[in-house]
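Asker: Sequences listed follow chains A and B, in order.
Using the working numbering, the first residue of the first sequence is number 2, and each one after it goes up by one.
Using the working numbering, the first residue of the second sequence is number 2, and each one after it goes up by one.
Please note that a few of the clues may not be correct.
All copies of an identical chain are treated as equivalent in the list; a pair is satisfied when it fits inside any one copy or across any two copies.
Said to hold, decoys possible - In silico SDA-like pairs for lysine to any residue, Cα to Cα no more than 20 angstroms straight-line:
(1) K10 / G45
(2) K33 / R181
(3) K106 / A91
(4) K106 / S274
(5) K48 / R15
(6) K106 / M92
The hints are simulated quantities; they were obtained by calculation from the structure and are not laboratory data.
Bear in mind that the values here come from a model prediction, so they are computed numbers and not experimental data.
Protein chains: 2
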Amino acid sequence: MSDFNSRLKLYQQRIDKALDACLPNGQAQKNKLTEAMRYSVIGGGGKRIRPAMVYAAGEAMDVDQNILDTPACAVEIIHTYSLIHDDLPAMDDDNLRRGQPTCHKAFDEATAILAGDALQAHAFEILAASDLHVNDRRRLEMITLLATASGSDGMAGGQAIDLAAVGNRLTLEQLEAMHRLKTGALIKASILLGAMCSPTVTEEELAMLGRYADCIGLSFQIQDDILDVIGDTETLGKPKGSDEKMQKPTYPSILGLDASRKLALEQHQQALSHLETLGQRADTLRQLSAYIVEREF
Amino acid sequence: MSDFNSRLKLYQQRIDKALDACLPNGQAQKNKLTEAMRYSVIGGGGKRIRPAMVYAAGEAMDVDQNILDTPACAVEIIHTYSLIHDDLPAMDDDNLRRGQPTCHKAFDEATAILAGDALQAHAFEILAASDLHVNDRRRLEMITLLATASGSDGMAGGQAIDLAAVGNRLTLEQLEAMHRLKTGALIKASILLGAMCSPTVTEEELAMLGRYADCIGLSFQIQDDILDVIGDTETLGKPKGSDEKMQKPTYPSILGLDASRKLALEQHQQALSHLETLGQRADTLRQLSAYIVEREF
Numbered sequence: 002m003s004d005f006n007s008r009l010k011l012y013q014q015r016i017d018k019a020l021d022a023c024l025p026n027g028q029a030q031k032n033k034l035t036e037a038m039r040y041s042v043i044g045g046g047g048k049r050i051r052p053a054m055v056y057a058a059g060e061a062m063d064v065d066q067n068i069l070d071t072p073a074c075a076v077e078i079i080h081t082y083s084l085i086h087d088d089l090p091a092m093d094d095d096n097l098r099r100g101q102p103t104c105h106k107a108f109d110e111a112t113a114i115l116a117g118d119a120l121q122a123h124a125f126e127i128l129a130a131s132d133l134h135v136n137d138r139r140r141l142e143m144i145t146l147l148a149t150a151s152g153s154d155g156m157a158g159g160q161a162i163d164l165a166a167v168g169n170r171l172t173l174e175q176l177e178a179m180h181r182l183k184t185g186a187l188i189k190a191s192i193l194l195g196a197m198c199s200p201t202v203t204e205e206e207l208a209m210l211g212r213y214a215d216c217i218g219l220s221f222q223i224q225d226d227i228l229d230v231i232g233d234t235e236t237l238g239k240p241k242g243s244d245e246k247m248q249k250p251t252y253p254s255i256l257g258l259d260a261s262r263k264l265a266l267e268q269h270q271q272a273l274s275h276l277e278t279l280g281q282r283a284d285t286l287r288q289l290s291a292y293i294v295e296r297e298f
Numbered sequence: 002m003s004d005f006n007s008r009l010k011l012y013q014q015r016i017d018k019a020l021d022a023c024l025p026n027g028q029a030q031k032n033k034l035t036e037a038m039r040y041s042v043i044g045g046g047g048k049r050i051r052p053a054m055v056y057a058a059g060e061a062m063d064v065d066q067n068i069l070d071t072p073a074c075a076v077e078i079i080h081t082y083s084l085i086h087d088d089l090p091a092m093d094d095d096n097l098r099r100g101q102p103t104c105h106k107a108f109d110e111a112t113a114i115l116a117g118d119a120l121q122a123h124a125f126e127i128l129a130a131s132d133l134h135v136n137d138r139r140r141l142e143m144i145t146l147l148a149t150a151s152g153s154d155g156m157a158g159g160q161a162i163d164l165a166a167v168g169n170r171l172t173l174e175q176l177e178a179m180h181r182l183k184t185g186a187l188i189k190a191s192i193l194l195g196a197m198c199s200p201t202v203t204e205e206e207l208a209m210l211g212r213y214a215d216c217i218g219l220s221f222q223i224q225d226d227i228l229d230v231i232g233d234t235e236t237l238g239k240p241k242g243s244d245e246k247m248q249k250p251t252y253p254s255i256l257g258l259d260a261s262r263k264l265a266l267e268q269h270q271q272a273l274s275h276l277e278t279l280g281q282r283a284d285t286l287r288q289l290s291a292y293i294v295e296r297e298f
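Use the sequences and the hints to build the structure in full.
Answerer: Next comes the structure, spelled out in structure tokens:
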């Protein structure tokens, strides 16, 4: 795990620089909207786990980090827009995110809605407009993948199911289906976008990485639920127990803590099994999977 | 004008069918989110003026209507998502849109936010994934164009300026700059996306059409402002005088009604002048420009 921690720090430094360079700087027309966009993406930092997935998967396929910056920015920007909107009063009504006031608290609700909207557009703009050193057809496939992962068959769809589930009891299967859309789709897109930057990656390799991504997406969510129960506000950057307060169905609430931990570790083992044919070059992806189930924030 | 009215009806029938086919039907997993998306895009109808711009510009460049359906759907979906978010309580707080309850009234605020988000993703997804019979590089340019027109340098940026302007007095130049982003950018994108579907359109033709689009974008907004003063709720589909109620700066409030009408007609004349080199094949675009300044709803 310590191996991945030091690598994650390097990824974080790299993505922070890339995000700063890729966001509108608002210098031409200094305004609240671009300030809010930068505040949410750059201000609080965040774990940058999705960009790290892009880098790790790309590196496993021998892709240069310079090429991976754009898809890494795109997934972090999509993730951030979804956080801004999720935090709104009409959704989860959160005041704190990544240790700082949420966007609608630091600015106002209208600006937060628009900042999220503009960030989503920006993610697709950079994927379509940047020189990625991959052919145009592949780039269209990458945009399609990210759009599908973000929309009604992905993240937004999962969030809608999540909202409808508040106060209801879900089965384990329903919970898993919800998370596969809400967080799993973008995590899978992050892994695949990194790998798709390789001109030589095979369909079989992408399929393996997709299965690996499904497993780490699930273990990521289980660990998130566990940390919401046992973590503290300072390390989480958001109030502990907020899921319980919101009466959101979680893995610990359905399975209990011990069985949840066990399930996360099973997913980690399964994730590793999908990397077997990739050999040594997938070591960072192995460390990433371990990091996800061992992390404490 | 009557010429364009009958053509607009045909475009409307065509786009309604295309939108119905391209939106997620939610039959696989009948849920509130896809219902809300379909409700807002299909439910109230709407003038479909942006899809009409795609068709008219494409036809002026001899593009088959079948090819134009996808960009026409994309711009209407982007437009609809922006209406859903603009209508939210934190923004314009409107209860009525296209003669039916706004999305957050018919469903709820959280669903309206997510429906807008998912629609934006869907617009980029269909542009990236559909077979447009244009080469991949051109398709990436089209996605870039639509994303830029939607984001902080386009529609969302203009909406942010608009919100900041409520209750303030703007100069004519500031009002024009705001509308160039808020409504102008997507109108320009609609004209250009249609023309870009032609494999033979030249850079010069695109430049001319861009200037034409700037003019009709402005005259469209001026006429919108005029109709908000003189129209009635039934034909507008929204309450008359809502701009005044919101203390929004408008052309009539700055210039008065007569000078606003004059300015709209000047823009129409300028629009026509940019079409001169295109000859007869641009007749529909000429009728479109006339329709925009003559329309009564």
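Asker: Hint by hint, work out which the structure violates, then give me just those numbers in ascending order.
Answerer: 4
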